[in-house]
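Student: Sequence:
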Amino acid sequence: MSAEPIKPLVAEAEVPPPIIIKKITIEGHGGHHGGAWKVAYADFVTAMMAFFLLLWIVGATNEDQRKGIADYFSPTLVQHTKAGGSNGVMGGRAMLAPDGNAPNAVPKGSQRLMPVTSFSRVTPPTPEERAAADQLQKEDVKRFEAAAEALEKRMASDKNLAQLRDQLRLSVTQEGLRIDILDEADFSMFAVGTNRLSPQAADLVRAVATAVQTMPNPIAMRGHTDSLPYAGGSLGGPSGGMNNWVLSAQRAEATRAALAAAGVDPTRFSRLEGVADREPFNKANPYDPRNRRISVTLLYRTPAGPGTAAQPAAE
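Note that this note's numbering has the sequence shown beginning at -3, numbered continuously upward.
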């Protein structure tokens, strides 16, 4: 009797078919970061528009118009041109800018502070006021030229003053005509550490007064020193609180008084300043004797009117 095969108690489970998962990735063309190129492109287009606008302006305007556009964004200061008389006080420099107009009278530096009790509105100048200001500036430039010529003749006519010609420097600034009286190694306006004018300096101041005493322009005085410290200049020291600040102001006042004594109307003096060594003539050498000087500036006149300046309200 043959043996029968033993059958398993549990039937073999059927093997399931393999499961295949297919993933499809869709490549995006925008995405959350795909707009950055638009910003760069917009900047590029803006730059190109500005560039072509510049090319159009250059091609559609003449030299004078382009100069006016350039002056609007960057106002030009006084431009000196070569002229005759290079050995004179003015050093051959012209009072007028190349376009024939006077430089803009833009006040610079310290101004007298006015008490503010309330705010007042500054109105822009009218065309009539602007025209009046331009006319005043042109008249002032002519007066400055006449004053420089008169001063040069006065210096040349006196042999003592002729020796001091190098002590005078004239220049046109945004404020007006500035006359600098400088020290040298062998010349000093004042005794050391004092505000006493030397006899030669007094003669020089009188010559300046003669040249400017008939002019209507207001005058600003400014005193300068070199960087040598005033001996014992600390407060409470042997000098009684003197320092270069005080000394420069006192010397400016002494020069103002000498000009007034020589015939300049005292009411023409509009301000007086002492700046110590803060504005050296020779910036490379703070101890240069030429840094010790007095600046007498004939200021440009401004027409009186509501659009020229803000007026403080009455107290």
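Hints in this document: simulated from the structure, not taken from any laboratory.
One or more of the hints may lead you astray.
For lysine-lysine, the following DSBU-like pairs were computed, each having C-alpha atoms within a straight-line distance of at most 30 Å [claimed, not checked]:
1. Lys155 x Lys138
2. Lys63 x Lys155
3. Lys138 x Lys149
4. Lys63 x Lys138
5. Lys134 x Lys149
Restraint-style ranges between C-beta atoms, simulated for each label pair [what the hints assert, rightly or not]:
6. Lys63 x Ala158: 40 to 48 Å
7. Glu249 x Ala46: 51 to 59 Å
8. Arg126 x Thr206: 52 to 60 Å
9. Thr206 x Glu249: 16 to 24 Å
10. Thr206 x Glu59: 55 to 63 Å
11. Asp162 x Ile53: 41 to 49 Å
From the three backbone atoms N, C-alpha and C, an ideal C-beta is built for every residue, glycine too.
Student: Evaluate each hint against the coordinates.
Tutor: Verification of the supplied hints:
1. For the hint linking Lys155 to Lys138, the alpha-carbon distance of about 28 Å falls within 30 Å, and the restraint holds.
2. The straight-line distance between the Cα atoms of Lys63 and Lys155 is roughly 46 Å, outside the 30 Å bound, and the hint therefore fails.
3. Annotation: proposed proximity of Lys138 to Lys149 holds, straight-line Cα distance about 17 Å (limit 30 Å).
4. For the suggested pair Lys63 and Lys138, the alpha carbons sit about 24 Å apart, so the restraint of at most 30 Å is met.
5. About 23 Å separates the Cα atoms of Lys134 and Lys149, which keeps this hinted pair within 30 Å; it holds.
6. Between Lys63 and Ala158 the C-beta distance comes to about 41 Å, which sits within the given range of 40 to 48 Å.
7. At about 54 Å, the beta-carbon gap between Glu249 and Ala46 stays in the expected band of 51 to 59 Å.
8. Separation of Arg126 from Thr206 is about 34 Å and departs from the stated range, judged on CB atoms against 52 to 60 Å.
9. One distance hint, 16 to 24 Å for the beta-carbon pair Thr206 and Glu249, holds here, with the actual separation near 21 Å.
10. For Thr206 and Glu59, the Cβ-Cβ distance of about 43 Å falls outside the hinted range of 55 to 63 Å, so the restraint is violated.
11. Separation of Asp162 from Ile53 is about 48 Å and conforms to the stated range, judged on CB atoms against 41 to 49 Å.
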